[in-house]
Every structure is written in structure tokens, then in C-alpha cells.
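2 protein chains.
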Amino acid sequence: MDIADLRAAHPDHWMNAAAIRTLALDAVAAANSGHSGMPMGMADIATVLWGKHLKFDPKSPTWPDRDRFLLSNGHGSMLLYAVLHLTGYEQATLQQLKDFRQWGSRTPGHPEYGHIDGVDTTTGPLGQGIATSVGFAIAEESLRARFGDKVVDHRTWVFAGDGCLMEGVSQEAIALAGHLKLGKLTVFFDDNKITIDGKTDLADSTDQQARFAASGWHVQEVDGHDPEAIDAAIEAAKADPRPSMIDCHTHIALGHKAQDTAKGHGALTDAEQLQAAKEAYGWNYGPFEIPDEVKQRWEGFGARGAEAHKAWQSRFEALSDRQRGELERIYASEPPKALSGRIKALKKQAADEGKTVATRKSSEMVLEVINPVMKETIGGSADLTGSNNTLTSDLGVFSAENRSGRYIHYGIREHGMAAAMNGIALHGGLRPYGGTFMCFTDYARPAMRLSALMKAPVIYVMTHDSIGLGEDGPTHQPVEHLAALRAMPNLTVLRPADTVETAEAWELALAEVTRPTVLALSRQNLPAVRRKHTGKNLTAQGAYVLAEAEGKRRAILMASGSEVQVALAAKALLEAEEIGVRVVSVPSIELFMEQDEAYRKRVLPAGPVRVAIEAGVRAPWDRLLLGERGREQKADFVGMTDFGASAPAEVLFEEFGITAEATAEEVRALLG
Amino acid sequence: MDIADLRAAHPDHWMNAAAIRTLALDAVAAANSGHSGMPMGMADIATVLWGKHLKFDPKSPTWPDRDRFLLSNGHGSMLLYAVLHLTGYEQATLQQLKDFRQWGSRTPGHPEYGHIDGVDTTTGPLGQGIATSVGFAIAEESLRARFGDKVVDHRTWVFAGDGCLMEGVSQEAIALAGHLKLGKLTVFFDDNKITIDGKTDLADSTDQQARFAASGWHVQEVDGHDPEAIDAAIEAAKADPRPSMIDCHTHIALGHKAQDTAKGHGALTDAEQLQAAKEAYGWNYGPFEIPDEVKQRWEGFGARGAEAHKAWQSRFEALSDRQRGELERIYASEPPKALSGRIKALKKQAADEGKTVATRKSSEMVLEVINPVMKETIGGSADLTGSNNTLTSDLGVFSAENRSGRYIHYGIREHGMAAAMNGIALHGGLRPYGGTFMCFTDYARPAMRLSALMKAPVIYVMTHDSIGLGEDGPTHQPVEHLAALRAMPNLTVLRPADTVETAEAWELALAEVTRPTVLALSRQNLPAVRRKHTGKNLTAQGAYVLAEAEGKRRAILMASGSEVQVALAAKALLEAEEIGVRVVSVPSIELFMEQDEAYRKRVLPAGPVRVAIEAGVRAPWDRLLLGERGREQKADFVGMTDFGASAPAEVLFEEFGITAEATAEEVRALLG
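Those protein sequences? They're chains A and B, same order as listed. Each step along the first sequence adds one to the number in UniProt numbering, with nothing skipped, and position 63 is 63. Each step along the second sequence adds one to the number in UniProt numbering, with nothing skipped, and position 557 is 557.
Hint data in this document are derived by calculation from the structure and do not stem from the laboratory. The structure displayed is predicted, hence computed values, not measured ones. Each residue gets a CB set at the ideal place from its N, CA and C atoms; glycine is no exception. No false leads were mixed into what you were given.
With the C-beta cut set under 7 angstroms, the calculated list includes, among others, these residues of chain B facing chain A:
no.: 1; residue: 126
no.: 2; residue: 166
no.: 3; residue: 175
no.: 4; residue: 179
no.: 5; residue: 385
no.: 6; residue: 487
Isolated chain A, as found in the complex (with noise of 0.2 angstroms):
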């Protein structure tokens, strides 16, 4: 790669990416921490990206219309923040470059999303970046075939690197992707052949043309520092029906002394080096410099965007009150109005019948109210839509074929559904839940945290959430993932007892814009427990008295879900024996722990024992039950306390200890 070449050949094009190069150079230097190579090696391919194709307009950067960025190579982030500051986003100011991975930066060491205009999801961990693009491409698709293109009509782009290639979840997203045949979508694979241990073939092998051929995407292979190049494979990929990865040639930190190498992955710091590479550009300015003439340009890419702007804002104006008021309403993440009232009546009609079903099957009857009055939904499933009870009677199929349906059969795939879930949510406009059994959140789980640490609202619909499930087994028993997720900052859990519970969880998790949702959901059958009506959301409180002492208050039953009618059932136990008892149900140990200090003692006064009964382990529950400065609290737990095993649902509860009769004998044991 003859660096003299390159420059001689296009001077105005070498120019803009230098700029991207020295100010990822310099901010990784200044910051003596990050990843110099990647920006350095896909320069090119940025400055093209921005210069001629995306749409985007600095001056308003959540624009609906615009086109997404994902870095799913998220380390390089120096590339999009350089990109951000050259074409004019207002808070991406040299300052905040020179603050590059300092505390209270809009610029941390991986994108994150909210922290700067510009950065469309969080990136990092490898993988994500493609994986949630699929979602951003599925929400265009949905969405213009709700109003049409004159006012949904982008494009989403991805970078990737060989590590987010190796990822499994990118083979989900792939596969998906290329089903879905998500023409809008543009991977650029950064083909630097290098990773942290050394050159990729250390580790592999894959021909990833053939590999992206196979789930039917178009692909192509460039020299990816020719900008023409890259220009007409840009063109080519928007012309084919087909999403379109673009197998770029690259050089990692070209023009460094590390170029090529490992070690150009990482922080190139060392001062003389760094100053020979700028040489090499024919880079003759200080540290962060950037010379007027190529500032210019880039701004110039900022104001194509910006006339693509006023353009779709007269045809969003030219769209019907109601067209655009509902656009309005969905961006802004407000339910229908008609909402609020649906689900009261089915609290109430649920309460007054008192039906015994699993809220599996309780959270079908819920979607089926809110489906219908609520058209920003798009539900799915890992592969497990009949078991999940995910799919209403009037979403129909999101396909190939049908971009009208809004309901998608994501194959078993839980982490690609997370991640691309993710994606829709960003996207706007639309809320995605979706479904598989709580024992595979594990698969799940890099891009639930995301969805956490983005304030995501997603709505996972985890059913099968105990030993509960039966005769498949501990592989398929969650034991441990309720605590794995109520430690999760920033997740609200949601595990609630009968038909009217499930409907308020519900009701929670669509009124949430700011915090994903895990609905914890049995397959079993359960009794109705809420059989007052009442319009009130008390699962809002995470837990409430649920049924009162008869006489003398003497214990406190504390359960969720599935166990909250072996509470009840331990109560009638208890008070035939004159032992008063109060249950208490908890549907959410975070939102109990939000509400002040007053309520929570209401709920949990000091003085009776306590016992918490959960089909799951104890570690959430001790806060409950001892207190949470450690007063005087006599307590335990009747719960699990190893893996589960295949038998019947009924058989494991009794072996396993988790019975009316066992959680009886622990108040009594407690009392003395």
C-alpha cells in the first residue's frame, strides 16, 4: 500500500479521511487508551459513506428520516466521533474529542447511545452493532408500509470488523437478515485481517463471501482505501433487493509503523511514530488541527443532509392530521389512549371471573387487547410462538413478502431477537417484545444488557419461568435467572400471579420508556389470585398486601408469580392454626425497593417472621427478608437452592420443598 499513491489520486478525498485518521491519532494519544487502527483503516470507506450516500442532517440528529450508523466494531470509536465533529454535530466539539474515554465525556471509549447525538445504539461488545441492525432495518420496513416512502425511506449502514464476524450473534442477524431480505441494510466488513491475538487466521478460516452468499445477501469485495471503489459498490448495494455486505480490503493503521500488525489494533501513542504517520499523509498540522478547506467539505456532506431534511419535512407536513399525529404520538412513545381503559376492563373482567390459566396464556389475553388499539406493537418469537403465546389473532406475518405483518418468527435465534429487538426500539416509532422460554435469557443476555444500559424499552415475554415447566427438565428450568436478572442495573422484572397481574405488568411495561421489561411468565396453570376489582396498578408498587392477617398479625408470606398461591394456600394453613398472616405479593423486588421508605415498611412492618417463596434462588429476596439495615427480622426462604429436574410440574414443587405444608412448618419453626 504506497501511501504517495493513494494521496496523488484523489488529494481532495485523501484530505477528508486523513482528517478522521489524525484526529483519531491524536484523541487516542491524548486519552493513552483506545484503538487507533480501526479509524485508521477504515477512513476511506467513512469518508465516502458520509461524503456522497448517508442521509443525515447534524443540525437535527434524531430527525426520524435520516439514515443509521451502527460502529459495530464499536472500539474504533475515535472514527464516528471525528466523523461527528468534521460534519458539524453541535456536541461533538473539538473539547469533547480532546476528552476522548475521560469521566463525563459525551465521547466514552465505545459509542453509547444517549450520550451523544450521532451514535444510533451502543457498541462494544462485538456483534451488537450488526445484530441490532437488522431490527433498525425491520423497523423502516414496517414503518413505510405503514405511511409510505414519502416519509420513511433510509437506509442503515454497519461497520464491521472480523470480531463481530466470529460472533455467533452475527450469524443470527445474517441469517435473518438475509430471509427477511432486508434490502436497506449495508455491512461493511472491515477485512483488516488482523485481531488482538495476531492475524485472523490464527483463529479462522471462514469465507465470508461464501458465508453471507449462503443466507442470500449480495455481496461484493473492494480495495477498501479506493474511494471510487467504494463509491460504485455503495451504488451497486443500494441498486440489488438484497441486503449487501461489502467485503472491504483494509489496512489496520495504515501508514503507521503498526500497520498491519496487532498492535495496531490498540492505543498508538509513541509521540515520533505518530508524528512520522501524519508525515506520511502529507498531514502537516498540530495535534486536533483540522485546516479550513477540509472542515469545509465535511460540512458541506452535513448540508446535503440537511436540504434532504426540508424536503421530507414539507411531504411529512403534506401527510393527514391523522397520519402525522399518529407519526407524532409513536415517536414520542406515548400508548394510544384508548389504552389505559382496555386493560381496566379486562382487570375487571378477569377478577370477576376468576379463571384458573397460565399467564402465559394470561399475557395472549392482554395482547389481545392491546394489539388491536395499539399499532406500533411488533411481537415475535424465538421459534416458540405457540408456548409463548406471543401471536394475536391481527398482527399477521412480517415478511419478505408482507412488510404490513407485525408479527415476526425470528427462528430460534434469542439473541439475534434481543439484539434486533433492541434495534426496532431505537429505531422509534415502533415497541418490540418478544418471546422464548425464561431459561434461555442466557442466550439472550449480551443484548438484554444493552437494551438495559440504552434504556431500550423492550418487553421480553419469558415464559416458562420456573420448574413450573415440567417434565423438559433442568436445561430448560430457570433456577437462577431471575436473580441473574434483578441484578441487572436498570431492568425492571415483572413476575406477576394471575390474569389481573399480568395485564398491570403489562401495563407497566408499555407505559416504560426508559428501561426494558422482563415479563416472568408461567406455563402452568394458576389460580386467580386478584379477585377484587380494582382500577389501580398495584403491581406499580412491586409488591402489596395482597391478603391481611385474620387476626393477630404474627407472619409475612412474601411471594411472586406462581408462588403466590402457595402463599395463600400456607395462609389458610396458618390462621386454621390461629397463626395471623399477611401475604404479600411481590410481582417486582425493583420497583418495591423504588417506592420510599414509608411503603415499604407499610408492606414489610417489622415484627412478624418473615418467609419469601420463590421457585428460584434466594439471593434477591434477602433484602426483603432481613431488612435492609438488618433489624430484628426472624426469616427464611423456601425456594431452590440447585438445578431442577424432568417430572411432572406438581411432583418437583413437592419434591423440591415448595408446598403450602413446607412454607407452613418454616413460619412455625420461626415462631418457635
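Following the hints, position chain B against chain A.
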């Protein structure tokens, strides 16, 4: 598919296969639960594989040189149970088949390792079997390179379904196996075009043959009901030096009314339809009835293996005493005698020198001691070798060209690495360890759960275990991961505070034979806290008194790993105010909870206020903070309540308030 033609073409084969089909039908009907369709679809393949190719000895189920068989589509467990019964595995009685999916049976809903002889790994969570198989095949190659093909020469066979191949982890496995040219691995793809939601084309249109070929696999396509074609394909697979995928066109629930439908995937229990299927098979026998000549033919297949086993035994006995002894030792998972002394010596040196060093670096120092004396270790990393410090000087790299290497570049494939390590551990004769960042345990979690469930002593070297990793930011900073891992049954989390504790942690991990271990290691340098040498492994007790109060003991500080130094510094502050403080180092909460009550009380006596410090979420500490049954305790926690941030590590500890001063202030507040 005309059943009559199949019957007529190969009558003996047909009846052998029908035995599998009818046993599956009968057992599922008896359990009223399970999956009939897969065994009915893959019975012909199983019959050819066990009948002519698989090397196995029912009388000696753990014979080390047997072929391994992994049922990746584990829901079809009845296929495997049927074959184990038919070939004469003692534990696979007819009664066990009748007790399919019942409490206490050896025949759970999915094949569970350790429940019944002949199940080489637990499957059920899709994709795990194929991913685990890579480890089995690696183990075979590695041991063959060391001990020669006279005593190590076996194959690994996998049945996998559409679900397995849709799961992302399958891509990690396929790419790794292809790259490593694991030629003795063969995967039969049950290409029946049906998943739970319906036809596979609802969610997938991947050309699986092209996909495998893209990763260097030998690929064939056969009629999965033609025994001659299957046999020929197996022969071709054996002859090819690449791993082989045989795309088998099959009919799910062959011969049943539900054939070729999603319904056929599940439990086919309708008595009339079941009878009709048996009639179509020409199977005129009652439930669970196998005609003698069929049983004899199947037992003959087992006898073939017995002969092979006998021949192997002679070769094994012809080994030198040293080689035989070594093989026996490593298959018995006994650490070498020299190990303990070497680790003690390292501990003494570390205590004497008192170097400030990151525990990931300490881990490397320990590995430099372990690997030369313990030749059965096989290390690796998911492309973070230099960060995880997992490669020591003497290992060499395991590759297609060098089977003697003991270090695997797993690529950016945390999940595939964990699953492969399960396979290596279950194969026997090797002790796998592998590294990635603690945060990416999320990617590996489904396979880590199987390590715990299967009691496979895999060692997870998880570095960068907190916000202490600094600038990479929240996507890379574990916050909830320690809690999530500690919630998992049968998994030991060890978070050592310095080099001495790291050496003790490794000693425990290597002595463990029924539990996986997670070593949580710091990126950042840590001061030595264990400066007085003792031969005793203090980490084994989970928690111990590291520093006693100078005067009256008024507070107990508990901490793990990098926060032990914070506790010691807080103690210094408080002692200066004449507040006596005990510091308890807690490398493992799980191991501490396993100690007897007397010990636990000795370490954490009632009375003093308690503060725990860990750069993670609080939940796992509540038991220790608050007392197990809620005895009077004033306690609080210094740690994380939300995600981390991108900044230098020392800034983060300060900003998140995980400091000696904040801890001391907490103690002062509790003391009032």
C-alpha cells in the same frame, strides 16, 4: 415417502429402525410429554451409525477410546435412550424407558450427563451439542498427539437439527472446527424443514451446505431414510480430512399422521394415530415390545464394540508403565504430585516479595508454575491472550498443523470457547481453561450453565472484573456479573485479592472435579495483602480474617478482590480514630457459605457493624451483611448500583464512591 418401499428395500434395517421409532412413540405416549418426531425422523441414520460405524462398548460405557455421540437436538432424547436400551447398556432398562421424564428416572426429558451411561453430554439448549463436540474432537486430537493412535483413535458424531444450526453458537463451532480441521468430527444435519413454529422457511432460508463449506467443511447430501446412502456418506466422511457435515433429508414423525408438520415435532400421544403408525411400519408388537431377532441384531452391534475394546485393552497394556500411569492419572483427574509444592513455593515467594501486580498477571505467574508440571492443561482465550494472560511460555499453539500445542486461539467466540471447554472436560484426560473479559461471561453463559449442570470442572479465567478496567466503559465493565454467576448453582466464583490468593484460587480450581470455577481477576494492579506465608489454603474457606482489629472490634469490613485493599485502607483510617476494625477477605461467598456455622460465626461474629465492599451490585452480600436468619446487625454496602462509565479506573472508583474514605464514613454512620 412410501413406507412400504422402505420396508421392502431393507427389511432388517427397517425393523431395527422401527424399534427406535416405536420405543420413542411408546415412551412419549406413556409420559404424555416429549418429542416423538425427531427419533422417528432420524432412526434410520442412528441405525446405520450404531449398526456399522460407532465404536462403543455397552459393557464399558466410559471406555476412554470409545467414539463420542452428541445429540445436539436433545429434545429427541428418546432416540438415544432407545438405542442405549437396544444395544444393551445395563442402566437403560425397559423400565427406564417406561419411566421417561419421571422423577428419579435415568431418562429425563433431555439427555443429562451423569444420569445414564452412554450420554456423553447434556443437551437440550439448542446448539450446545454441536458446539461441545468441537471440544471432544480437540481433546481426541490432543491426546492422540501425546499418547499415539494405538490408544487414542476415536471419532465424534453429532446429530443436529435446524434449531442447532440457527443458534449463533453453531457458527462459532463450525468456524472453529473447520479452521482446526477436526477431521474426525461428523455432524448429521436432520434437515426435515420443520420447526416448532412451522416450516423452517418461516424464519430461515440459509443454504446450510454452502455455509459449512464456507468454513472448510466436507459437505454431503443424502436421503436420511436410505441406509445405503447414509452408510456411503459416513464412509466418505471418514475418508475426508476435513470435518464433515451430512445434510440428511428426513421426514419428521415419519409414517405418522403428523409427518412433515410442526405438530410432528412434539408429543404424539393419540392412541389411534400411534397404532396406525406402527401398522405402517409393519410393527405388530405391543407397547415397549421388541421382537427377539431385532433385539439380537442390536445387541450384535454392541458386541462389535466389545471386540474393539478388547483389542484396545491389549494395546493399552503394552504401553510403558510411565505412559499408562500418566493416562490413568489424567483420566482420573488427579493433579500431579508436584503441583502442590510448586504452588506453595510460589505463594511463599509472593508473600515475601509483596509485589504490586494485577491478579490477571498473578494468574499468569501461577500458570507458569502449573503448566510445566501439569501437562493435561489446555489453555486458550477468546482473542484476548495478552489481556487475559493465559498463554505461558511452554504451551505451544494447538492448530491444524500442530496437535501437540496446548493453547487454543478460540477467536472472538466466547460462547463457542465455553462449549468447547465443556467438551474437552467431559472427554476426560485434559483440564481446559480459557479466558475472556468478565463482562463477556454474558456471551458464554448458556455453556457455562451446562458446565455447572454437568459438573464439568472447566476453569474460566475472567479478567477485567470490574470498573477497574477503566476507559473501555460500561459495555466492558462488569457490574452485575459477579451476582449473576454466584446465583448459578454448582459454580464456584473465586475473586482473589493478590498473588497469594490467586495461587490458592488456581489450586482450588485444579483440585475441583465436579464444579466449574470462575476466576475473577483484575485488570489493574493490586498491592499484596497476604504478606505472611502459610502453606494452608485460606481461600478454600471462602472467607477468612485477613487483619484483626487493633483495639475493641467495633466494625467488620468484608471485601473481595480489588476491594480488599480498600477495606484495609479504610481500616487504617478508622483505627487512627480508635475504631477497631476487622478485615475479612472474601474470595468466595459460595465456599464460605459451605463452611460450618461455627466457622462462619467465628469470622463474622454478631455485634460489630458490617460493611461489605465490592465493585459490583449488592445482592450476593446480603446474606453475609444481614445475618442468615436476620439476627441484629447494622450493615451496609459500598459498591455499584448502576452501570459504570468510561474514564481512568482511579477516577471511577472515586466517582462511584468505592473508596476507603467512603467506607470509613459508612462505618462511622452505622456506629452513630
